[in-house]
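Trainee: Next come the chains, spelled out residue by residue.
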Amino acid sequence: MADAEYPVGRRTALFEPRGRTAAVRDGLRGYLLIAGMWVRSTVVYRTSFVLMTLGNFAMTALDFAAVAIIFGHTRVLGGFTLTETAFLYGSSGVALGLADLAVGSMDGLGRRVRDGTMDTLLVRPVPVFAQAAADRFALRRLGRITQAAVVLGWSMTRLHVAWTAVNVLLVPVMLLSGAGIFAAVFTTGAAFQFWATDAAEVQNSFTYGGNALTQYPPTVFAKDLVRGATFVVPLAFVNWMPALHILGRDNPLRLPGWVDFCSPLVALAVCALAGLAWRAGLRSYRSTGS
Amino acid sequence: MRLYAAVAVRGFRRYATYRVATLAGVFTNTVFGFIVAYTFTALWSVRPRLGGYDLPHAVTFVWLGQALLMTTALLGGGFETELVERIRSGDVAIDLYRPADLQLWWLASDFGRAAFHLIGRGVLPMAAASVVFRLAWPAEVSTWVCFLVSVGLGVLVSFAIRYLVALTSFWLLDGAGALLLATLLATFFSGMVLPLTVFPGWLGTLARALPWSAQLQVPADVFLGRHRGTGELWALAFQAGWAAVLLGAGRLLQSVATRKVVVQGG
Amino acid sequence: MDTLIQLDDVRKVFEVRRRAGLLRRERRTVRAVDGLDFEVAHGEMVGYIGPNGAGKSTTIKMLTGILVPSGGRLRVAGVDPSRERTRLARRIGVVFGQRTTLWWDLPLRDSYELVRRIYRIPDARYRANLDVCVELLDLTELLDVPVRQLSLGQRMRADIAAALLHDPEVLYLDEPTIGLDVVSKVKVREFLRQVNSERGTTVLLTTHDLTDIEQLCKRVMVIDHGQLVYDGGLDGLHAAGESERTLVVDFDRELPPVRITGARSVRTEGPRQWLAFPASTSAAPLVAELAARYPLVDLSVREPAIEDVIARMYGGRGAAALSRE
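Protein chains in written order, with this note's numbering: chain A, 1 to 290; chain B, 1 to 266; chain C, 1 to 325.
Mixed in with the good hints, there may be bad ones.
[What the hints assert, rightly or not] To spell it out: a stretch of chain B is covered by chain A in this simulated footprint if at least three of its residues, at any positions, have a beta carbon under 8 Å from a beta carbon of chain A; those stretches are:
#1 28–41
#2 182–192
#3 198–212
[What the hints assert, rightly or not] Reference excerpt, derived from the structure (chain A facing chain C, CB under 7 Å, subset only):
#4 V43
#5 V44
#6 R46
#7 T120
#8 V123
#9 V126
#10 D224
#11 L225
For the record, the hints were derived by calculation from the structure and aren't laboratory data. Heads up, the beta-carbon is just placed ideally off N, CA and C, and yes, glycines get one too.
Okay, chain A solo, but in the shape it has when bound (with noise of 0.2 Å):
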């Protein structure tokens, strides 16, 4: 097909030797180039777009209708005030959002284990995670995002918090770690498909489901499931530990106050395991080819 102008020999300078952070560059271009076909595949059904957007706000905001109406009914929740859960309500829903919006739709993989269309993704060169993060990426997600954004940011005007520097700054490191537990969930869940290709739901129970336990004060759960969610699950590091530092509250496990500020290295940590989950998957779905 190449004419003299382009010598055979020629098609060996695409194939130079790569490394880890080639690698990560090769992933981070080909996750924003696939995102971007999807974003334009949903642009071409503009009105539906603008719809299902306002849905996923409109969803996420009945939700909070929900704890508004129960804020109705009593001053306080768990010794929470309506202010206090609604900064953890936000917090919680952006973290989630921006987990969603980043690698959510990576609960399709089951899907394409089922049908086949995973060996398309393996045979491109560009890593396997990046295309399945960025499969199906819709950009309605922004719905959830920026509801829970409009929560946080209304509580945080109420909030009788000393805003010092430390809680200023803890609130978009709670954000990012957040995201980045939600995400190694996602992931976690995703690779779990490669096994159990049916078993999409799972994860839900560990994503909404972490959501739905952390947008309510820790006082109001058992003491046994906030000791899951600590140290097992580890999604009391999603917003519950730094927010209640920035609140001025008790740990609830009594936990030392050096906690508060873990986040980080939760998030790092758990994404790590999520990314040996991933390998194993990965690895037995090539073994397998199922």
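Go by the hints and put chains B and C onto chain A.
Mentor: Below, chains B and C alone, put in the same frame as chain A:
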């Protein structure tokens, strides 16, 4: 009639094949049940008798919601996506030439699905809950019977609504938006987020009168024995009334849509 | 001839778990590929055929690095595909039968743009390659059409073009003509021939259509039960399996089974008769003689099915001939 029974059995079997998916769903229902049950416990401990429920009532309400979530398809996930797809691709024209009524055919299949979900997704979360929480079980057999009838009517109303929504894709290019809106209304106005008796003032009155309440609020109240004597019959009549109205509307819309298909040739 | 693909006792064993009773599960190992040895040289065009479940797809998946072999040595362009899958991806093109890689809702051109950027194809080269593909595969009118509006044949052509834009050294095609209309089949074959002869791209294709092989491949490999049972020219395959084509003739009335040299009557049904003749000979003289001696209304030639040819290689001759009708 035999045809529709066969369709219903097929609907049941179709969902029964996905064992892992069912177990995954049961797990998720149970996790959500726990989380919501704790928040309700916190609320009812400061406001006992809120909405006319005591604490075991409120907690039972939560678990009934998880048990019926799939049965009355509050989050969708029934036949409607398939019907929308068939309308979009034009395959629905083939369905119209079948020697079966389009609405009854889908209804039978959805009843099969609902029956499976009631057993496969409803029983286990309730069983798990009864280990940890004190639930308010019906004392009399008649209440159980009434509850099952009420769930059946709830499925009927749920079907009728989703059928109407799916038919809109004869006119709208993309059915996804309408389906999402339907899900939104169903979760909020069925009592899934909060019992409708807790909704304040006019919002509560409105929510209890809307058809979505037939999908969870009414069956749950029957289960909890809040309707006594003739009250129970009135509750069922409320559901049946909405079912009749909505199924009738579905028929009407279906005939308009069919005419459109015949005229345009698909 | 320098070797591009090299397999040395390559094996792939799957463990299949089956439900046996409520909780008990049965474990069973399946040898999907059981000791494959073959080489493919640069610039060859090879047909890879076999019955369903023979191990064709498993082989392709190992060659592309999707699957990791259970044993043996496998090299494509000097590298181990399963270890260097992502790097090898830049040097190979893959078309998986009916699994399109194109973007459903976007114009075809956008899918090609993505390929350009993902494979980092230099601009001039991309344009040159696209021009050739568009011309030979007749895609000019389709570039600005959303993929969902393409017919199956158009989509397959478009998919093949997408797999070639980055100048792969080897192209793997899994059933490229399945379900296509006659015109599309002809176009696809013509294009593949051109790519192979003019650009020197090595092509390995699996197919169920022996015509694909006949018109494209000098060499054909047959796999059955995970093992290579034949590797050579198509003529040799027919000879090895003593394969027969079938001439289906319609006369204007019922006749007793015709007797004609070079063919034997295998079936009669009203005015229609089936005549078998060796696949290695031409049908022309047979048809001429039939037309001269009998009141011929219509006729058609049926190619031997791959399953038939393979069955014959194992001597299952009578059974295969019967099972076809």
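Trainee: Does each hint hold? Answer for all of them.
Mentor: Cross-check of the supplied hints:
1. 28–41: holds (count 9)
2. 182–192: Holds: 4 residues of the segment 182–192 of chain B have a Cβ under 8 Å from chain A.
3. 198–212: holds (count 3)
4. V43: violated, 9 Å
5. V44: Check passed: Cβ of V44 of chain A comes within 5 Å of chain C, closer than 7 Å.
6. R46: This interface hint is violated because 12 Å lies over the 7 Å limit.
7. T120: With a closest approach of 5 Å, the T120 of chain A hint holds.
8. V123: holds, 5 Å
9. V126: holds, 6 Å
10. D224: violated, 30 Å
11. L225: violated, 30 Å
Violated hints, listed in ascending order, are 4, 6, 10, 11; each of the other numbered hints is respected by the structure.
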